[in-house]
Amino acid sequence: MSGAVDKIEVAGFRHFFQSESGPVQATSIIDLRIQAGEFVTLVGPSGCGKTTLLKAIAGFIKPSEGRIFCNGRPVTGPGRDRGVVFQELAILPWRTVRRNIGHGLDIAGTKPAERDRIVARLIDLVGLRGFEDRYPHELSGGMRQRVAVARTWAADPDVILMDEPFAAVDAMTRLTLQEELARLCATTNKTVFFITHGVEEAVFLGDRVLVMTRRPGRIKAEIAVPRRTPGGRDWESFTADPEMQAICEQVLRLVREERGATLVAGDGASVVPAA
Amino acid sequence: MTDTPRTPARARLGRLVWRLLPFSPILIFGAAWSIYWNVAHPPLAVMPSIANVVGAVIELAQSGSLLTDILASLWRLGLGALLGIAMGVAAGFVTGLNKPLATFLNPLLVFFNAISGIVWLPLMIGWVGIGTGLAVFLIWNSVFFIVFQNTVLGVQLVPEVLEQSVRTLGAGRWETIRSVTFPGALPYILNGVRSGLGFGWRALIAAELVGATTGLGQMIFRAADFSRTDIIVAGCLIIGMIAMAMDRWLLLPIERRTVQRWGMVARSEGGRPG
Ligand SMILES: Nc1ncnc2c1ncn2[C@@H]1O[C@H](COP(=O)(O)OP(=O)(O)OP(=O)(O)O)[C@@H](O)[C@H]1O
Ligand SMILES: [Mg+2]
Numbered sequence: 051m052s053g054a055v056d057k058i059e060v061a062g063f064r065h066f067f068q069s070e071s072g073p074v075q076a077t078s079i080i081d082l083r084i085q086a087g088e089f090v091t092l093v094g095p096s097g098c099g100k101t102t103l104l105k106a107i108a109g110f111i112k113p114s115e116g117r118i119f120c121n122g123r124p125v126t127g128p129g130r131d132r133g134v135v136f137q138e139l140a141i142l143p144w145r146t147v148r149r150n151i152g153h154g155l156d157i158a159g160t161k162p163a164e165r166d167r168i169v170a171r172l173i174d175l176v177g178l179r180g181f182e183d184r185y186p187h188e189l190s191g192g193m194r195q196r197v198a199v200a201r202t203w204a205a206d207p208d209v210i211l212m213d214e215p216f217a218a219v220d221a222m223t224r225l226t227l228q229e230e231l232a233r234l235c236a237t238t239n240k241t242v243f244f245i246t247h248g249v250e251e252a253v254f255l256g257d258r259v260l261v262m263t264r265r266p267g268r269i270k271a272e273i274a275v276p277r278r279t280p281g282g283r284d285w286e287s288f289t290a291d292p293e294m295q296a297i298c299e300q301v302l303r304l305v306r307e308e309r310g311a312t313l314v315a316g317d318g319a320s321v322v323p324a325a
Numbered sequence: 670m671t672d673t674p675r676t677p678a679r680a681r682l683g684r685l686v687w688r689l690l691p692f693s694p695i696l697i698f699g700a701a702w703s704i705y706w707n708v709a710h711p712p713l714a715v716m717p718s719i720a721n722v723v724g725a726v727i728e729l730a731q732s733g734s735l736l737t738d739i740l741a742s743l744w745r746l747g748l749g750a751l752l753g754i755a756m757g758v759a760a761g762f763v764t765g766l767n768k769p770l771a772t773f774l775n776p777l778l779v780f781f782n783a784i785s786g787i788v789w790l791p792l793m794i795g796w797v798g799i800g801t802g803l804a805v806f807l808i809w810n811s812v813f814f815i816v817f818q819n820t821v822l823g824v825q826l827v828p829e830v831l832e833q834s835v836r837t838l839g840a841g842r843w844e845t846i847r848s849v850t851f852p853g854a855l856p857y858i859l860n861g862v863r864s865g866l867g868f869g870w871r872a873l874i875a876a877e878l879v880g881a882t883t884g885l886g887q888m889i890f891r892a893a894d895f896s897r898t899d900i901i902v903a904g905c906l907i908i909g910m911i912a913m914a915m916d917r918w919l920l921l922p923i924e925r926r927t928v929q930r931w932g933m934v935a936r937s938e939g940g941r942p943g
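Chains X and E, in that order, give the protein sequences.
Just remember that this note's numbering sits 50 ahead of the position in the first sequence, which is counted from 1.
Just remember that this note's numbering sits 669 ahead of the position in the second sequence, which is counted from 1.
In case anyone wonders, no lab produced these hints; they're calculated from the structure.
Any given hint could be a false lead.
As the list claims (entries may be wrong) - Pairs of lysine to aspartate or glutamate, EDC-like flavour, derived with a Cα cap of 16 Å:
id	chain 1	residue 1	chain 2	residue 2
1	X	105	X	214
2	X	270	X	307
3	X	105	X	138
4	E	768	E	728
5	X	105	E	728
6	X	105	E	916
Unchecked claim - What follows is a list of derived Cβ distance ranges for each label pair:
id	chain 1	residue 1	chain 2	residue 2	range
7	X	167	E	776	50 to 56 Å
8	X	248	E	923	40 to 46 Å
9	X	127	E	912	44 to 50 Å
10	X	167	E	680	53 to 59 Å
11	X	206	E	782	46 to 52 Å
Just so it is clear, CB atoms sit at the ideal spot from N, CA and C, and this is done for glycine as well.
Here chain E stands alone, though its shape is the one from the complex (with noise of 0.2 Å):
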C-alpha cells in the first residue's frame, strides 16, 4: 500500500506510534495539571495533586471499597444497558421494518427523547424507591432510545436492491431480515450501543448519587461531603478509564471483526489491522 518500502523495525515503530497516540492527550493533560498544581498549591478542598489522586486509589483499593464501588455500578450498568440494548434492536427493527408505524411512533419518540435522563428520577423514587430497581431504569431509559433511533434508521437506510436481490434467490422474510437487513443496519447499531453506553454511564452517577449506598457515583457523592477533591477525581479517572477500556476491548474487536471487515466504515487505524 505504501509507495516507500519500509524496514520491519521502522514498521514496528510505526505501530507503536499509533498505539501509544491515543494516550498522548491524556499525558499532555497530566502534565499540565501537575505544573499547574506546582506552581499555584491550591488546598485539597479544591483541588488534589496526582500524587493525592493515586494515593486515594490506593487507599480505597486496600479497603475494599473500590472494589465494592466498581462492581456494584458494573452489575446496574450491564443490566441497565443489555436490556436497553436488547428491547432497543427488537423495537427499532419491528418499527424500521413497518413505515406506518414508524410514522405513528416519532411524535411520541420525539416527545420521551426530550424527557429522558434524569428527569425521570423525582418521578421514579416515588415509584421503585431508591435501589438498583432506579439506576436500572434510569440507564436503560437511555440507552434504549438512543439504540432504537440508530436500528430504525439503520433499517430504513439498507438499500432496497439488496433486499430484492436476496428475494429473487427465493429468500423469504426471515432469511432477508438475517441475511441483509441486520447485518445492513450494523453501522448503525454499533453507532447507537456507543452512545447509549456513554448517556448510560451518566445516568448510572446520576442515579447512584441520590439513589444508591454504593457504586462510583455514590463514592464521589460521598467525598463531596468531606472535600475529598482526590477521591471525587479518582472516581471520575475511573470512570472514564473503565469506558474507554469497554469502547476498547468490547466494541471496536466487534467492529473489526464485522462492519470494518465488510469495508462499511473507515478503519479507525491507518493501515492494515494490528
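So that you can see chain X by itself, here it is in the shape it has in the complex (with noise of 0.2 Å):
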C-alpha cells in the first residue's frame, strides 16, 4: 500500500458553506487515499456531503480545511488530468451530440480523424448511434446523461469523478454502463471515484466500498470488495455470487443506520448537527 505516490490524496478535509444564516457545516473530517488503477465507491445519506468531496477533488470547492492532493500535487483548481461527470446536467445546450462528446478531443487538439473515430465509438458504446446530430434537448433525460458520461470518457483523463452519472438513465441500459465502465476501467486502468445511492451498484464497480455519516458526513466504513476476475465483470455472476450479496448486505445495513439516524434529526438538510 505504501511507497507509490498515491493518485488522490485527501488529507484532513473539512468544508463549511457559508450562508444568510451563518455557516453550514457540510462535511465532518475526512482522510482518503485512492491509488492509482483504484476504483472506489461512495454512499452516504442525501446532504452528507459526498458531492462537495467530489468537487473539492475536482478542485471547484476551496477546503475550508485540509488539503488535496492529485499525483502527489496540491490541487488548486480543475484540469483534464480529472474529468467529471456532474450530478446536474451538464452538457452543452448548443452542441449536438456528436460535438458534446468530441468537445474535450477539440480542446486537445486532437486531428478530426482520430476524434471522429473515438466519438463514433463511444457513440456506439452509450448506444446513442443514429442521435449523433441531435440537440440535447431532443434526447430523454438518460440518453442526456449517457452523452455526459461519454464526454468524459472520449477526453482520456487520468482520473474520472463520477457523481451519481446514472441516476437517471433506465435499467436496462444502466447495467449495460455498468457492465462496460468496469470493464474499461479495468482494461485500461483508470482511477475511478464514484457517488451513488444504489448499494448494489457501489459493491458491483468499486474495489473498495466507503460508507459516509449524515451530514455533517465523515466516511464511517470502507469495505474492500475482492475481485476475482478483474475485467470480466457482468451482473448475472455477480447476484450469483453468495460472498458480494454478502457485502451488499453489510453495505446496506451501515447505510440504513444512517437512514435512521437522519430520520430522528430531521432531514439531511438540517441544520442542527445531531451528535
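Dock chain one against chain two, each of which comes alone in its own frame, and use the hints as you go.
Here's what the structure looks like:
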C-alpha cells in the first residue's frame, strides 16, 4: 500500500459553506487515499457532503480545512487530468451529441479523423447511434446523461470523478453501462471515484466501498470488495455470488443505520448537527 | 407530433393560415379605419383616408425623396445600432464576468438609464451640433444600455456547472467564454438587441424631428407644418413596416438557427419550422 504516490490524497478535509444564516458544515473531517487504477465507490445519505468532497477533488471547491493532492501535487483548480460527470446535467444545449462528446478532443487539438473515430466508438458504446446530430433537448434524460459520460471518457482523463452518473438512466441501459464502465476501467487502468445511492451498484463497481455518515459526513466504514475476475464482470455472476451478496447486505446495513439516524434528526439538510 | 393524420393539402392550408395570421390585426385595423373615415368624413388636416395615404406614398416615391429619406434614416439607425450592439455586448461580457465590477457599475447604470433617450438632445445639440452625429449618438445611447444590461444578465445566468464541466475537459478561460458563456447568454443578448432596435427607432425619429435635414422623422416633421396627415401616417406606416421587416428577416432567422434550434426558447410558430 505504501511506496508509490497516491493518485488522490485527501488529508484532513473539512468544509463549511457560507449561507445567510451563518456557516453550514457540509462535512466532518475526511481522510482518503485512492491509488492509481483503483475504483472507489462512495455511498451515504442525501446531503451528507458527497458532492462537496467530489467538487473539492475536482478543484471547484477550496477546502475550508485540509489539503487535497493529485499525483502528489496540491489541487489548486480543475484540470483535464480529472474528468467529472456531474450530478446535474452538464452537457451543452448548443452542441449536438457528436460535438459534445468530441469537445474535450477539440480542446486538446486532436486531429479531426482521430477525433471522429473515438467519438464514433463511444457513441456506439453508450448506445446513441443515430442520434449523433441531435441537440440535447431532443434527447431523453437518460440519453443526455449518457452523452455526459461519453464526453468525459472521450477526453481520456487520468482520474474520473462521477457523481451519480447513472441515476437518470433506465434500468436496462444502466446494467450495460455499469458492465462497460467496469470493463473499460479494468482495461485502461483508470482511477475512478464514483458516488451513488445504489448499494448494489457501489459493490458491483467498486474495489472499495466507502460509507459516509449523515451530514456533516465523515467516512465511517470502508469495505474492500475482492475481485476474482478483474476484466470480466457481469451482473449474472455478481448476483449469483453469495460472497458479493453478503457484502451488499453489509453495506446496506451500514447505510440503513444512517437513514434511521437521519430520520430522527430531521432531514439531511437540517441545520441542527446531530451529535 | 399531431394525433390525427393530416392530408398534405390541409397541412399546407394550416401553414398558410399561420403565415397570414400576423397580418390579420392589420387588416382588421385597416377595415375599422376605412369604415370610420367613410362615415365621419374628417378633413385631411385631422385624418387621412387609406387612399390619401397610398397616394402620399406614391407621390413621395415618384419625387425620389422617399428613398432618400429612408436611406438616410436606415444609415443612421444602422450605424448607431451596430455601435450600440457591439459595445453593449463587449462591455456586458466584461461586466458580467466580473462580479465586483458589476456591483460597482450598478448604481451608475440606474442613473444613466433614467436619463437615457431624448433627454440628451438639448445637451448634445450643443456638443455635436445638428446632423448625423446627433442621431447616431442618441440611437447608440438607447441601444447600448439595453443590450449591455441584457448581456450582463445573460452572462450571469449561464449555469455555473456548464462552465465547470467544460473546464474539466481542459478548456481555458477563452475557450470557456467562446463555447459556454457566449451561446448561453445569446437568448438574452438577442432579446436586448430586439428591444434596443425598438428604442433605437424612437430615438432616431426624435433626433430627426429637430436635428436633421433628411430622414423619415424630418419628412414627418415637414408634413406637420402643412397639416399633411396623409404624409404623417404614411411615414409612421413605413417606419413600422421597416421595423417589422428587420425583425422578421434579420433577427428571427438568427434566432431560429441558434437559440430555437438549441431548445432554449419556445418556437415562435407552432409545429415544425417552415
Ligand atoms: N453552495 C452551497 N451553499 C450552502 N450550503 C450548501 C451548498 N452546497 C451544499 N450545501 C450543503 O452542504 C451539504 C452537503 O451537500 P452535498 O451536495 O455535498 O450533499 P450530497 O451528499 O451530494 O447529497 P445528495 O446525495 O443529495 O446529492 C448539504 O446539507 C447542503 O445543504
Ligand atoms: Mg450530491
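Hints versus structure:
{"no.": "1", "hint": "X:105 - X:214", "verdict": "holds (13 Å)"}
{"no.": "2", "hint": "X:270 - X:307", "verdict": "holds (11 Å)"}
{"no.": "3", "hint": "X:105 - X:138", "verdict": "holds (12 Å)"}
{"no.": "4", "hint": "E:768 - E:728", "verdict": "violated (56 Å)"}
{"no.": "5", "hint": "X:105 - E:728", "verdict": "violated (71 Å)"}
{"no.": "6", "hint": "X:105 - E:916", "verdict": "violated (44 Å)"}
{"no.": "7", "hint": "X:167 - E:776: 50 to 56 Å", "verdict": "holds (55 Å)"}
{"no.": "8", "hint": "X:248 - E:923: 40 to 46 Å", "verdict": "holds (45 Å)"}
{"no.": "9", "hint": "X:127 - E:912: 44 to 50 Å", "verdict": "holds (47 Å)"}
{"no.": "10", "hint": "X:167 - E:680: 53 to 59 Å", "verdict": "violated (42 Å)"}
{"no.": "11", "hint": "X:206 - E:782: 46 to 52 Å", "verdict": "holds (49 Å)"}
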